[in-house]
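The listed protein sequences derive, respectively, from chains L and Z. Numbering-wise, the first sequence is residues 60 to 459 according to my numbering. Numbering-wise, the second sequence is residues 60 to 459 according to my numbering.
By construction, these hints were calculated from the structure, which means they are not laboratory data.
As the list makes no split between identical chains, a pair holds if one copy fits it or if it spans any two.
No farther apart than 25 Å at their CA atoms in a straight line, the calculated lysine to any residue pairs in the SDA-like style are these: (1) LYS234 with LYS261; (2) LYS228 with ALA379; (3) LYS368 with VAL203; (4) LYS274 with ASP452; (5) LYS442 with ALA277; (6) LYS141 with GLY185; (7) LYS368 with SER211; (8) LYS443 with ARG224; (9) LYS124 with GLY185; (10) LYS374 with LEU251; (11) LYS63 with ARG131; (12) LYS64 with GLU139; (13) LYS422 with TYR356; (14) LYS128 with GLU457; (15) LYS274 with LEU242; (16) LYS228 with PHE437; (17) LYS228 with PHE302; (18) LYS451 with ALA277; (19) LYS64 with PHE437; (20) LYS234 with ILE305.
The model shown is predicted, which means the values in this text are computed figures rather than measured ones.
Given next are the chains, with one letter for each unit.
Protein chains: 2
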Amino acid sequence: MARKKIAVFFGERSFEHDISILTGLQAIKVIDQTKFETFPIYVDLERNWWTGEGLLNQSNYPLGKKLPKDIRRVRFVVGEGKGYIETVSKGIFRNNNREYFDAAFLAFHGDFGETGAFQGLMESSGIPYTGCRMLASTVFMNKVTTKQICRSLGIPVLPEIILERPEDKVFFDVKEITKGVDLPFPLCVKPLHLGSSIAVSKVTTKEELDSAVIKVFALDNQAIIEPFVENLEEYNISVTRVFGEIRCSVIERPTRKNSILAFSDKYQSGGKGKGIKGGKVCSFSELNGLLGLSREYNPGELTSEQREKIISWSKALFLAMDGRGEPRIDFLCNSKTGELWLGEVNPIPGSFGYYLWENSDPKINFTKLLTGLIEEAFKEAGKKSLAYGTLKDNRIFEDK
Amino acid sequence: MARKKIAVFFGERSFEHDISILTGLQAIKVIDQTKFETFPIYVDLERNWWTGEGLLNQSNYPLGKKLPKDIRRVRFVVGEGKGYIETVSKGIFRNNNREYFDAAFLAFHGDFGETGAFQGLMESSGIPYTGCRMLASTVFMNKVTTKQICRSLGIPVLPEIILERPEDKVFFDVKEITKGVDLPFPLCVKPLHLGSSIAVSKVTTKEELDSAVIKVFALDNQAIIEPFVENLEEYNISVTRVFGEIRCSVIERPTRKNSILAFSDKYQSGGKGKGIKGGKVCSFSELNGLLGLSREYNPGELTSEQREKIISWSKALFLAMDGRGEPRIDFLCNSKTGELWLGEVNPIPGSFGYYLWENSDPKINFTKLLTGLIEEAFKEAGKKSLAYGTLKDNRIFEDK
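Using the sequences and the hints, build the whole thing.
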């Protein structure tokens, strides 16, 4: 049987553009080549699409004006049945080089590929795609909607205050906006939509609050303010249905050097924020090393009751949002009182959270995890496809 | 100043395909031509895109094999910066006839244009579009998620049971699936995602329940079962921010000849379900006449307390979902006890619910309503556009 052709997408107009490149290249290395034929599609910050072997070489990023010969522009065509790609060529002679692919493997973080938009593009053009559908993607990428769903399910979450950026995003009186914030310090200030700890601050005074809100409003229309949990420990878990019945991964406790890991700490090297030198650093474990991040699996301090809560709440939220893929769900814990809150959900976690599944019992290796994601994409597309006969039954206009 | 160029989209691979054609043609007639230059884009059931003056003539639907000369194929190109359309031409000589437009006016009902998918396509290609964003679209088109959000906001909704279609959608034992339904009859059975009363049944026995569920599973993966409200009256209202501050329309009570209006009653003429004869019937008021639908505005039986509930709940839900456009929110009422429940939300209501705004105080006419929708589309796109500078601040790879 011919291998299915899988386009691996990464990049996009996102604050997490570069980390998505790493995730995409990682996926291409790991996907089972005996089952699937992969090729990369890189979406740059200006929404141009690229393909070619040269994209697999990290040192080619960011794409400069002088392109390697093995990187070329492509475009995606909607409106002629199923969507397809074709090479962008100039001049009046243009080849009809349309190329179909069987499924889209999404390795995006943040806009527009983790938030539901790219999912919508795939839905609109009839192409199977991996991971959460639009509903779960949009809800999980919105921190307050996620909390509202949790409340309806009886899952504990922290209280929050939402602040809206004024119409005039440059000249505004931040004091006027924050004056209604009546939660006691310390507080945590975050953008409502962005991931990867971008513009997340712990604040202890009104002045810090104001400047944290200004920082968020440079990036997002809405800020979310929550109590900062004392004696904070974090616990992460992943949930999936790609192996049939719903199941959870092992629980991990990530250890961070700061109480909040800023994006620059998380992904960029220390040297004046100038980025990873020469594009040499790539692997997840190397990144971890850079970040001083370490992980403990199945952490011993959790009681069996706490474990059960984390597992049952994660499953309940995943099911309520009709989840797909294997989102990572992050919990906050006051390690002294033992209280737990569901924090947020990452529809496409960094490195697909493969380390959670590799440390689960039974262990699922990274390649098998990605096979599961791709097989689920085909299954979902099959469910969604509607019968033309039935569609026509509901028509008003008579056939001629 | 040059008029903005607005593509009016309708059709799509939807159970409400034909009614969307009517809505689209209606919009083109009503949009203020002194401010906006409009052209139609029709998406057919097979996902082919069409444009041309001939689309404005109802008698051309469904498009036959012999096309009028003034209807031609177009396609939409993603991956070269902002999305654009171009004429589909055959042969090796292909003109580079790309055409940009300023905004998309969405006149879809159901898949894929009211559900968030088409919205995602527009987001992914940087094109302003009217109405709800992806979050509100996907949530409102999912009846149970809408209810979960209502519960978190303290807005009363009916209890429900969700049934999942089995993997094998043809051979399954419906009795096995419905055996856990423990709500007392009469019940209301609906598809979880579809609008326009498609496959909605009132059932009073286990046998009727089973056959109603089978009917739903021909169209949707999930069925939602709720108590059938006794002494049912329905009330509808629309909410918007397109005129600045959030505001609600007048409340209407639609009067129907049956307790549940099936899709065939709602949109198709009585004559053997064969559809509207010769494509002659078009206007909303003519459709209403056909359907035996009448409306009472500001119905006198509602107490001021009930009115206030309808208004405050509608505003709260709209704000929580960061609503745009002017969705119509439908309430159910037991007219004897006075109890109210929020029923469902239509992100793009039939005829844009213009009659609600024309009967509001102050009155807003249809043309002004559509101008508001288009202006909001531009405003939203402005908010969303991210600063390239800021995007580049978060990069890992060093510029060469």
